[in-house]
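Engineer: Residue-level listing of the chains:
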Amino acid sequence: MTILQIRDYLQQFFDSVELVGDGEQQVLAPAKIESAKVGEVSFVANEKYVKFLTSTEASLVIVHHSVAVDQFLPGTSFLKVKDPYSAFVFLLQKFVKPRVIAPIGIAASASIGDGVLIGEGVSIGAFAVVGDRCTIGNNCVVGAHTVLLHDVVLGDDSTLFPSVTCYDGTMVGKRVVIHSGSVIGADGFGFAPQSDGSYVKIPQMGIVEIGDDVEIGANTTIDRATMGSTVIGRGVKIDNLVQIAHNCTIGEDTVIASQAGISGSVTVGRQCVIAGQAGLAGHLELADRTQVAAQAGVSKSFMLPGMALRGYPAQPMRDQLKHEAMLRSVGAMKEKLDRLDREMKELKDKESMKGTA
Amino acid sequence: MTILQIRDYLQQFFDSVELVGDGEQQVLAPAKIESAKVGEVSFVANEKYVKFLTSTEASLVIVHHSVAVDQFLPGTSFLKVKDPYSAFVFLLQKFVKPRVIAPIGIAASASIGDGVLIGEGVSIGAFAVVGDRCTIGNNCVVGAHTVLLHDVVLGDDSTLFPSVTCYDGTMVGKRVVIHSGSVIGADGFGFAPQSDGSYVKIPQMGIVEIGDDVEIGANTTIDRATMGSTVIGRGVKIDNLVQIAHNCTIGEDTVIASQAGISGSVTVGRQCVIAGQAGLAGHLELADRTQVAAQAGVSKSFMLPGMALRGYPAQPMRDQLKHEAMLRSVGAMKEKLDRLDREMKELKDKESMKGTA
Amino acid sequence: MTILQIRDYLQQFFDSVELVGDGEQQVLAPAKIESAKVGEVSFVANEKYVKFLTSTEASLVIVHHSVAVDQFLPGTSFLKVKDPYSAFVFLLQKFVKPRVIAPIGIAASASIGDGVLIGEGVSIGAFAVVGDRCTIGNNCVVGAHTVLLHDVVLGDDSTLFPSVTCYDGTMVGKRVVIHSGSVIGADGFGFAPQSDGSYVKIPQMGIVEIGDDVEIGANTTIDRATMGSTVIGRGVKIDNLVQIAHNCTIGEDTVIASQAGISGSVTVGRQCVIAGQAGLAGHLELADRTQVAAQAGVSKSFMLPGMALRGYPAQPMRDQLKHEAMLRSVGAMKEKLDRLDREMKELKDKESMKGTA
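Residue numbers (numbering that gives the first Met the number 0), protein chains in the order written: chain A, 0 to 356; chain B, 0 to 356; chain C, 0 to 356.
Since the hints were derived computationally from the structure, they do not count as laboratory data. Hints are not guaranteed to be accurate.
Selected chain A positions facing chain C (Cβ under 8 Å, derived; list incomplete) [stated by the list, open to error]:
(1) Arg-98
(2) Val-115
(3) Leu-116
(4) Ile-117
(5) Glu-214
(6) Lys-236
(7) Gln-258
All of these numbers come straight from a predicted model, not from anything done at the bench. Each residue gets a CB set at the ideal place from its N, CA and C atoms; glycine is no exception.
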């Protein structure tokens, strides 16, 4: 691909893509600015990476319009845009090497149950297990060793990497991606305590419903509902090792980072961001666009859209930061308190001397 | 099932089940009170759900004796009991749809090692691997893709969902359920530091023993002991993504919620509750009926039965809540301190003026 | 093995191994000192276990030179060394029972792709999937159900337990051990936010590189880089359920305990220790030999080697412990403040009485 071709490609998505330098050079691969070589394209979106421009060997760097590129090495060309990061992300898609998760067609070793409907252009990998009455949409990819229990539905164009498990009844939307080791639809953690201290299992009779355009990372678990559905809304992105308990509803375009845990019957709004290792207690609700900081522990509902939360128990970000700063001032308070105590003692001593004078 | 049949069923387990309304209606499915339709049964166990009784279409609702049901819609019948939640849980079991984890019999594609003993009524799914000298009790279900290394024992009536892994020597009791992706008996995390900064692996020679009636969620890990056994007591319930390290002992009927982590050589008593994302440091002991709050970090033993713990490092609940409230009062303390400081200054100024007068 | 043979074996690694008692007894197995029986060997490395020496039935106990062993039972012999724990660890390796992860050779049921290179002495278990163009070094063990996508390289003498998944392009060093359920090389969690609140996936084009002598626990996830490599250095030891995000570099001989999470583009130095459930925010750097306490949340870089960190946000251990102690003194401060307030009021009352006198 030449630099001119890259400019033309980016102009489909972005206004005013300005080329500085030689447009005929060939670009073969993307690279980080720290290590880019001749024939590679990189980007600088952050001031602190501008320094690498003086030494990079990259053939092409995508930068912001404001970068004065004339000062840099003549071997490097530049494309100036308004949002270099997004432009680079779009460009990356041109360089993706084809990844084969499973060859097209149904592997001879796959186990396909009774009454299964399989669309066109489907790939089902070695040793995959598709249970009775499952439906696999067009162009789906089911990786090797992935297990669908009975009555699972995959929408068109969805990809399950190897060794995913979907329990019976799981409904997966279109263009969904689920990475290896994730378990969708296992029983919710519901046990009724008995008077002798033991527990009786509460049957978990619901399912999991996953909307279109969802991506789920590796080794994540999403439990089926006790009744009804655990719902993952359209466009939700879930990282690795996340726990989503039974009966939760996650709003559209919400993002959940690694190792976060969402307890049972929680409702998370749309376009929320739950950072890594955060935890949400059961039966609470978060409004749209709520942001939960890493490791925060949310213990109650926050119904005002767009709040940022932090700490344990989680508080609005500004209050919590103020509280934390206040706590850091306790040492100074203690010193002041001790000084006042001394001064008080002196004053009282004087008073009492006067009294006895 | 008619409402009269449901009443008769519940009377086997509960005293004084009182029917109000038509007992001849058919009930086909359970549902949540918010969404129940004609032909469905639901329950209200909590005051805040009583409001739904004015609008529900449910054919049957299970309520507490104290609920004045006459005011509600004539289409709905009621069963009044002492504990509506438990009654509903028992009733749910009548509605469970049959779930096929693996058909009865040994799948032709399963790999069965030498010297394996298999009981009656066993199901072993596609591509399951049963290592040499394993014993599978009567009526066990071994899901597709589940791997038992050699010398594993499953007690009668146990169910391993697809893609469980049990390392060599794992002993599983009766009526145990293990969900997909869990790994039982992997090596404990034991490495001896060397003077050059590297580590030598400490052989992990023990096993994991799981008692009767244990349930283990998805993607949980329980490590084998260095020597002897990591022991999960009878009736323990473990959620998803939980870590139980080598040489732990978990007492009977203890419950461990998702993403909790228990370090090596910890002893947890009976009927404890470890909430989500809590962590226990190594080599400590918790007495029976200890309750550990979500995200708490327990750093030492608590030997008095029945304590509730919270915070990092975890403290008895009441002390910790008092401490947290105290911290929230620091802002007010600071204001008071500043006022006292001003007043002190004024007093001293007066004094010094007197002195110079 | 006789006690004399054990002494001779240990003398290969340790200076001055002193035998007290009968050297001819047979020792058949290792055991914990609390439960050791005749024919077993144990050790005491910690003062608080010395008490068990008065009652143990062990045939041999390894102790420190300073232990006065003459007072103990005549049935027990002793080996006195400088470091009883390390001596016992080395001795354990003599007792390890052979564990069969997969028999030598390629299982008939394994699926081997095109252009795969397989070394000598390799074991590939039942239903394992080895993708196109993979290279498997000499003496590697690939457990049942383990899946290697295409272009994966395993160095000599590496062991993948059953049900490991390595995505395309993963490079694994020599003598590496990966436990069941771990997923290496899944896509990094990278999505570019769009103006309508949805996200576009950022292609994850890099790989994971794992150095020699690394051990990785069960159900851990290590994501591939966006570009370039996520790097796990030589000798790193990683526990279960750990998350290592895209583009991280973990220095040699660093240890990461269970459920710790490392966000994207983090650089961890050599010989660091990250304790359980700790979290590191993205794009930060930790110097060599940094120690992060359990559940700590590290929010910025610490560039001085050898620091210990604790708390949220993580601070140097000493500062943080001082801070925590200071916070525990807030109750006392409050009392003092209230007393001063009363005294101030009294003083001012006196003053005002004087004024009006």
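Engineer: Where does the structure disagree with the numbered hints, that is, which hint numbers, in rising order?
Structural biologist: 2, 3, 4
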